Amino acid sequence: MNYIPTIGLEVHVQLNTNTKIFCGCKTSFGDPPNVHICPVCLGLPGALPVLNNEVLKKAVLAGLAIKAEIHKKSKFDRKNYFYPDLPKAYQISQFDEPYCTNGVITIEEEGRKKDICIIRIHMEEDAGKLMHSEDSNVQESYVDLNRAGTPLIEIVSAPEIDSSDEAVLYLTQLKSIMQYIEISDCNMEQGSLRVDANISVRPEGQEKLGTRAEIKNLNSFKAVKAAIDYEIERQIDLINSGEKVLQETRLWNAVSSRTVSMRSKEESHDYRYFPEPDLVPVVLTDDEISAILNDMPELAYQKKERFVKDYSIPEYDAGVLTAKKEYAEYYENLVKKGVPAKKASNWLMAEMLAFAREKDLEFKDLCSFENLSALLLEIESGTISGKIAKTVFAEMIETNKDPLQIIKEKGLVQITDENAIVLVVEEVLKENQESVQSFLDGKDKALGFLVGQVMKKTQGKANPPLVNKLLLERLKK
Amino acid sequence: MNDTLKKLSEKLNSKEINAVELTESYLKKIEEKDVKINSFIEVEKEEALRLAEESKKRREEGKALSDYDGIVIGIKDNILQKDRKSQAASKILEGFNSPYSATVIQKLQEKGLITLGRLNMDEFAMGSSTENSSIQTTKNPYDLKRAPGGSSGGSAASVAAGLVPVSLGSDTGGSIRQPAAFCGTVGLKPTYGTVSRYGLIAFASSLDQIGPLSNTVEDAEIIYNIIKGHDKYDSSSIPDREYKETKKSIEDIKIGYPPEMLEGISDEVKVSFFKVIEFLKKEICKDSQIKEINLPYQKYGVPVYYLTATSEASANLARFDGVRYGRRAPDAKNLEEVYELSRTEGFGSEVKRRILLGTYALSSGYYDAFYGKSQKLRKLIQEDYLKAFNEVDVIIIPTTPTPPFEIGEKTKDPVSMYLSDVLTVGASLAGIPALAVPAPFDKLPLSIQLQGAFFSEKLLFDLGRKIEQAFPAPPAVF
Ligand SMILES: [Zn+2]
Numbered sequence: 149m150n151y152i153p154t155i156g157l158e159v160h161v162q163l164n165t166n167t168k169i170f171c172g173c174k175t176s177f178g179d180p181p182n183v184h185i186c187p188v189c190l191g192l193p194g195a196l197p198v199l200n201n202e203v204l205k206k207a208v209l210a211g212l213a214i215k216a217e218i219h220k221k222s223k224f225d226r227k228n229y230f231y232p233d234l235p236k237a238y239q240i241s242q243f244d245e246p247y248c249t250n251g252v253i254t255i256e257e258e259g260r261k262k263d264i265c266i267i268r269i270h271m272e273e274d275a276g277k278l279m280h281s282e283d284s285n286v287q288e289s290y291v292d293l294n295r296a297g298t299p300l301i302e303i304v305s306a307p308e309i310d311s312s313d314e315a316v317l318y319l320t321q322l323k324s325i326m327q328y329i330e331i332s333d334c335n336m337e338q339g340s341l342r343v344d345a346n347i348s349v350r351p352e353g354q355e356k357l358g359t360r361a362e363i364k365n366l367n368s369f370k371a372v373k374a375a376i377d378y379e380i381e382r383q384i385d386l387i388n389s390g391e392k393v394l395q396e397t398r399l400w401n402a403v404s405s406r407t408v409s410m411r412s413k414e415e416s417h418d419y420r421y422f423p424e425p426d427l428v429p430v431v432l433t434d435d436e437i438s439a440i441l442n443d444m445p446e447l448a449y450q451k452k453e454r455f456v457k458d459y460s461i462p463e464y465d466a467g468v469l470t471a472k473k474e475y476a477e478y479y480e481n482l483v484k485k486g487v488p489a490k491k492a493s494n495w496l497m498a499e500m501l502a503f504a505r506e507k508d509l510e511f512k513d514l515c516s517f518e519n520l521s522a523l524l525l526e527i528e529s530g531t532i533s534g535k536i537a538k539t540v541f542a543e544m545i546e547t548n549k550d551p552l553q554i555i556k557e558k559g560l561v562q563i564t565d566e567n568a569i570v571l572v573v574e575e576v577l578k579e580n581q582e583s584v585q586s587f588l589d590g591k592d593k594a595l596g597f598l599v600g601q602v603m604k605k606t607q608g609k610a611n612p613p614l615v616n617k618l619l620l621e622r623l624k625k
Numbered sequence: 117m118n119d120t121l122k123k124l125s126e127k128l129n130s131k132e133i134n135a136v137e138l139t140e141s142y143l144k145k146i147e148e149k150d151v152k153i154n155s156f157i158e159v160e161k162e163e164a165l166r167l168a169e170e171s172k173k174r175r176e177e178g179k180a181l182s183d184y185d186g187i188v189i190g191i192k193d194n195i196l197q198k199d200r201k202s203q204a205a206s207k208i209l210e211g212f213n214s215p216y217s218a219t220v221i222q223k224l225q226e227k228g229l230i231t232l233g234r235l236n237m238d239e240f241a242m243g244s245s246t247e248n249s250s251i252q253t254t255k256n257p258y259d260l261k262r263a264p265g266g267s268s269g270g271s272a273a274s275v276a277a278g279l280v281p282v283s284l285g286s287d288t289g290g291s292i293r294q295p296a297a298f299c300g301t302v303g304l305k306p307t308y309g310t311v312s313r314y315g316l317i318a319f320a321s322s323l324d325q326i327g328p329l330s331n332t333v334e335d336a337e338i339i340y341n342i343i344k345g346h347d348k349y350d351s352s353s354i355p356d357r358e359y360k361e362t363k364k365s366i367e368d369i370k371i372g373y374p375p376e377m378l379e380g381i382s383d384e385v386k387v388s389f390f391k392v393i394e395f396l397k398k399e400i401c402k403d404s405q406i407k408e409i410n411l412p413y414q415k416y417g418v419p420v421y422y423l424t425a426t427s428e429a430s431a432n433l434a435r436f437d438g439v440r441y442g443r444r445a446p447d448a449k450n451l452e453e454v455y456e457l458s459r460t461e462g463f464g465s466e467v468k469r470r471i472l473l474g475t476y477a478l479s480s481g482y483y484d485a486f487y488g489k490s491q492k493l494r495k496l497i498q499e500d501y502l503k504a505f506n507e508v509d510v511i512i513i514p515t516t517p518t519p520p521f522e523i524g525e526k527t528k529d530p531v532s533m534y535l536s537d538v539l540t541v542g543a544s545l546a547g548i549p550a551l552a553v554p555a556p557f558d559k560l561p562l563s564i565q566l567q568g569a570f571f572s573e574k575l576l577f578d579l580g581r582k583i584e585q586a587f588p589a590p591p592a593v594f
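Protein chains in written order, with the numbering used here: chain A, 149 to 625; chain B, 117 to 594.
FYI, nobody ran anything at the bench for these hints, they're computed from the structure.
The reader is advised that the hints may include incorrect statements.
For lysine-lysine, the following DSSO-like pairs were computed, each having C-alpha atoms within a straight-line distance of at most 27 Å [stated by the list, open to error]:
#1 K221/A / K489/B
#2 K221/A / K348/B
#3 K161/B / K149/B
#4 K495/B / K221/A
#5 K492/B / K220/A
#6 K174/A / K198/B
#7 K220/A / K348/B
#8 K373/A / K507/A
#9 K223/A / K489/B
#10 K223/A / K348/B
#11 K223/A / K360/B
#12 K512/A / K457/A
#13 K413/A / K277/A
#14 K207/B / K149/B
#15 K512/A / K558/A
#16 K277/A / K449/B
#17 K609/A / K490/A
#18 K221/A / K492/B
#19 K220/A / K489/B
#20 K593/A / K535/A
#21 K484/A / K472/A
#22 K574/B / K227/B
#23 K221/A / K360/B
Computed from a predicted structure; not experimentally measured.
Next up, chain B with everything else stripped away, as it sits in the complex (with noise of 0.2 Å):
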């Protein structure tokens, strides 16, 4: 059994570890097992000891940064961190040393958090299976011959290995929960704006959030806490004073699940997810609180999403030219040709192919038809939602169609790799926060979603703490 967050913080606080044998712990549990996972890209190790004597030290003279000073993180290949490299699993960005760290990390360090290293995870996050990394492939702690999910895939498959107690993922489509749900763990998209993008290699500005994976729902709600809260650097950033937060109790909680929604998924996801439903109307609310609820735009969610990640990623990722940072094509004899094979050689089939279709979306003659008509769609799965949560607090629908598939399955096919984010685009078009917790599974991990209306957090919190301790997530062996 993992340690939890909480049972780290006791350790450090009754001085029976200090924060240097507790780094050194993990570092001796990703040295033996992560060869057979990959989750790290690079374990930063000398920095990490260098930060835990900073911690223990602190512990020492009584200056503890909070309960959590001398925990250690992983960190996903995206959120930048001072004087370290990052390069969200490309290739473009070999040798990148960014000159300032992401808000989130500066929030965690504040708390003296220590961060391990870097996480695999798909190219610039455009993925559904990790696969797409430029740099290794992750397997799934569970079965490893499964992929662990993306593109969060090192995350999640990281705090099911035991590698880390906790980490941080970006979730753009579902990218922290899909992942969370291949890999039997927590994950939480927080509400759209509560966490700063500041220092986040941006995929899609409008629907990217940072968040959480975690062995259990209270350490997720423990670095949510954390690393929350408005940034001046982000314009996209919630005020503190309009973040209100739901104040809702258990007791009176109402509960919806929209059946349309359940359709053309596997059969286990669907037995597993009953399961569930049982158990709420068994031990936590009437049956009368759980009802069947309607959501008829969800059907467009995949396109709508594609359409809108792909168009702002194609400008996202226009940067990376090879003028300024980053892989320069060593060949290149002109400008055009530093444009043309920095970028050739640089970016992954999956980045070019969403890097195109965004350009195709956005050009002049097709921007009403694909563009255009996506943000008019997205606003009906938005106002869908609005509807929806003036009936219920909280939507509950399975993370995922299936459990996790083999490595390879889904490469040859993007379109269905495509479908893998079905249950999980919605909440990101809305901009609501969704925790994806472990629900019923025997041997391949299956997943719940939690959706609520923005700033519920707390909320989910709540509800996710219950439906963890009715069917606690068997541990991973490999």
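Next up, chain A with everything else stripped away, as it sits in the complex (with noise of 0.2 Å):
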């Protein structure tokens, strides 16, 4: 029997406003314990929520970018339960009226596009940290309320993601629109992302879903591909063993790659969802809607249509170069440089783009797009070849030094003066009488030969073209 997997993602972004939902405390990540707080953050009696305007623009942009549908009416609910990080026992957050539905994250995998659908998006207002102490001995616990109260909105997909990888290419789509409309860092380790995965499984030809079990504590990409995939086999093999999945939640444990019960349906909270009384509802104008709008900053696919049209490079390079914002950034400040557009858009690809993966660095953070382009305008004006290029390009991202200062210190610089180049060619000439013969036999493949014993006698270091043309002259004599 074979089984189709159905998942579905709930994604929460924290936004990077200035200041928190309902007060005036600053966002901060990595501050000590407890010192952006307020009476209204830290939930004393009395204290009363104010929505933060700022917070309102940016969900709304966010609703913009995935074509969805804003409504000019919303309203805020109290989300009722007892755990010592949330100050009221009750987290601010929308319930049945939010200010956003029916979007669309397209996703494309080898040339195959495919739409999910965006249920909703609501605003919420996050909880504190709890410290424990690593020493068991310890009996107390900490709260850390500096992360009450900052921004969040919650991206509910339709169960309409089919596998793992379906999963990653999503979240790769969404965080990157969110990253392009400067909403959020988008950072899992901080916690500004974070993916919650309803997932279920149906035997192939049977319409209705599964029991769905939802997944949580999944804190990287590689987090949510391993733990889609182990919880559909957890899945199948129950079905195939005679038992029944349950609905229920689920912890993800990276440690031994597996998910584990949290708690059942009977389990889970009665959240008694009410309209928030101290907050007016949410009201936008369409004036307001269209001033956000005219601030959205150019999204991936128009980017990628202007630099086919402005750099005139493939359709193909210019989708891997829009991919993430960073990366388009880059390509253009190399562009600006001087660099030609289709030389930069090949490095990216080929050297950095690995290089960035295989490190999982930013590309800033690998080399700046200053040395990178001083690099390459070396590659332009000859001083050194290519092949050189890429040695000088390894050293570079290693130490972090100027290229130039490598390829001085290194004693790279390309050699171009023929005389130089005329003595080697002619050391090769007699050092390889055979290769000599064979050319003048016909055999044109005697040159590439001989162009290698050139190249190794100047460590690379001669200009190839050169060396070409200095051999073929000699030969032909």
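Combine both chains into one complex, guided by the hints.
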């Protein structure tokens, strides 16, 4: 029996506003505990929330970027549950009237496009953080409320994702969009992007979706992929052995690479949502929405079209270069520095991307665009060969040194002096009489060998076209 | 006769007394008399005298902040003041010192008023007799066997006893008006959203409103004008430009009363009420300007009010968990116990009853039948009023169905206690202003309630003054 997995993702994105969603406290990461707090985010008696308008703007921008419907009227609700990191014992969220519904995120795999429907986006506040001692003898836990009240949007996809690969593509695309519109840095390690996955399987041919499990604690794309794969297999195994999949919440354990049950449906909270009486309904006018739309930065697909047009690079290249806002900016910086468009794109796609993936680094952390453009311009001017450039590049990303300095220190400047090369050419011809004879017998391959020998003797520094030319001149004599 | 705010202001202006002497005289009255009525939870003597010194100095330098600079006021224990205790008469907030002041406190201080201390109330404003205070039982100055009403019982009793010239209370379903009625004082529940709730310990957010209790309508108006106004820290606060004061003169006022709401009220209340109606017909407006009106959904007021208020309260009071402030159960051994024991020990039985009621009303599977339905009815009650105010400018009804009841008389029967709010919850649910003014009475206070459209406070004060002049309340003697 074949089984079809169905996955829906709930993604929390932390908005990068300066202040919290319902008070004037700074949003921050990594500061000492409980320094960004006030009566409102502490949940003190008598304190009242006031919606930060920046949050609304960024949230609307996110909705517009995924072509969703923005509701002119929405409201906040209270989601009630007790937990020490939740100061009011309710989270202010949006329940049945979210500000945004019905969007789409398009994923693309090997040229095949697929639309994933976004059911809704809503705004809500984040909770604080509990801090437990590593020492199990310590009987106390602490709570840091710096994060309490940080604005979040929750983006809920329809159950239209079929595999862990699609899930990762979806998340990559979502992250790219959010970064493009600059509403979040989407850093999973720091928790500014958080993912919960709803997973079910059903036998092929069955319409009705199977019972789903919700997986929490997914804090990297790798974890998302591994957890989905594990969970699909776990559910299939259960069904095959005649058991039932339970509706429950499960936690991904990255150490054991398993999901473990956290709570069953029966144990799930009754959040007793009801309209938040301390906040008035959120009302947006057409003018406000279009003003936000006007502020919309260029999105990936628009950039891609522009790159093809302006830089005459293939659509494929443009697609790769605009997949992340960072790539696109980096690319345009190289071009601005005078690097030919196609050369810049080749280098980014071949060298930088490989290293960036291998080292899991952003381009800018791998090597500055100033350094890379300097290196590429050296190739342009003929100071070094493309091959030498690769050596310099490897050194450059290791040491972060100025490429010109590396070229100088290692004596890698290309030899373009004909007289110098002629001496080596003659030496090589003398030492390789057999190859010379082969060439004269009509075996063109021998020329390549001779060029190689010259390059070897010059440690690759000789200008290859020049070597070619000089060899041919001598051989034809 | 207690001095009015204007009288006190004159005395201060003419240097007949200074702010320190004035404050000391009230502190002395509290010391002598409050042992009998227990209206103050805490008298903040030192702080009050310090503020009085500052006020005295300001007046000496000709820098008085207002005409009322140096006048004292009592504050209900659910209104926060920076660096002072506030506990809403609950054990669970024992030891809580507020790091900030309520907006109304700031507004009072900007005018130089001196807060004298914390006034007793029903725990978290839940009650109609102040018997639900975890701290003490306040007595009615007109009859010490009787309750002062609630939840702002301390605010009403202290004013009636002359311990403060004026006080702040809060009204959720009648918590200013009913104690004002029981203690023969004036009490205003303002239009919802005109007085900031920032710094008021919430009971039911969509209903709570701070307002004054006073000896005269004029005093209530003075305090109301000081504390009202938009507050950017309260989203439900009405922007000043949207506060459209009702401009109507007493001469061409139209008055209505709903006969069906007079059913089930006590005879003495009814007799007193019709005395007022007769007076109005004779002295204020023509016969034809006073008519019977119909408020058909009012009969659902009490259940709708209790479902709304308890639902909101169940969430509002969830933050009192012993984790961050207030009282934590000393014997709690783990998180579960911190929650369970702190709340079990910290809340009184009426508060627990209401948290449970509200939690139930919001529960999945019951929401539509209880909370959901109550919100639909709340809209109908609001529409009732809107329609009525197309015909009349002011609705007049008694404030309470009975004169003050005895302490202990209703504590065993919560429903009969809830029903004492039957005449006040309507205005709360509709968000409209309502003013309680003493009605004619001999021994035990009775009260008339004037309700108007949004922002009609001025009109209510004007009409209230006429009634007050016609039927001055005899002072409390105890
Ligand atoms: Zn804050």
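Tested hints:
1. Only pairs whose Cα atoms come within 27 Å are accepted, and K221/A paired with K489/B is accepted, the gap being roughly 22 Å.
2. The suggested pairing of K221/A with K348/B holds, with an alpha-carbon distance near 21 Å, which does not exceed 27 Å.
3. With a CA separation close to 15 Å, the supplied pair K161/B and K149/B stays within the 27 Å bound.
4. For the proposed pair K495/B and K221/A, the alpha carbon gap of about 19 Å is at most 27 Å, so the pair holds.
5. Between K492/B and K220/A the CA atoms are separated by roughly 23 Å; this keeps the pair inside 27 Å, and the hint holds.
6. Our distance criterion of 27 Å between C-alpha atoms is met by K174/A and K198/B, whose separation comes to about 23 Å.
7. Taking the CA atoms of K220/A and K348/B, the gap is about 22 Å. The hint holds against a cut of 27 Å.
8. Proposed proximity of K373/A and K507/A is supported: the alpha carbons are some 19 Å apart, at most 27 Å.
9. Under the criterion of a C-alpha separation no larger than 27 Å, the hint pairing K223/A with K489/B is consistent with the structure, at around 19 Å.
10. Between K223/A and K348/B the CA atoms are separated by roughly 19 Å; this keeps the pair inside 27 Å, and the hint holds.
11. For the hint linking K223/A to K360/B, the alpha-carbon distance of about 26 Å falls within 27 Å, and the restraint holds.
12. Under the criterion of a C-alpha separation no larger than 27 Å, the hint pairing K512/A with K457/A is consistent with the structure, at around 25 Å.
13. Only pairs whose Cα atoms come within 27 Å are accepted, and K413/A paired with K277/A is accepted, the gap being roughly 25 Å.
14. A C-alpha spacing of about 25 Å is found between K207/B and K149/B, which places the hinted pair at or below 27 Å, so the restraint holds.
15. Restraint check for K512/A and K558/A: satisfied, since their Cα atoms lie roughly 25 Å apart, inside the 27 Å limit.
16. Only pairs whose Cα atoms come within 27 Å are accepted, and K277/A paired with K449/B is accepted, the gap being roughly 21 Å.
17. At roughly 24 Å between alpha-carbon atoms, K609/A and K490/A fall within 27 Å of each other, so this suggested pair holds.
18. Between the alpha carbons of K221/A and K492/B the distance comes to roughly 19 Å, so the proposed pair stays at or under 27 Å and holds.
19. Straight-line distance between C-alpha atoms of K220/A and K489/B comes to about 26 Å, which keeps the hinted pair within the 27 Å bound.
20. Proposed proximity of K593/A and K535/A is supported: the alpha carbons are some 21 Å apart, at most 27 Å.
21. A hinted pair counts as satisfied when its Cα atoms are at most 27 Å apart, and K484/A with K472/A qualifies at roughly 19 Å.
22. Taking the CA atoms of K574/B and K227/B, the gap is about 21 Å. The hint holds against a cut of 27 Å.
23. For the given pair, K221/A sits about 25 Å from K360/B by alpha-carbon distance, which is consistent with the 27 Å threshold.
In the structure shown, no violation is registered for any of the earlier numbered hints.
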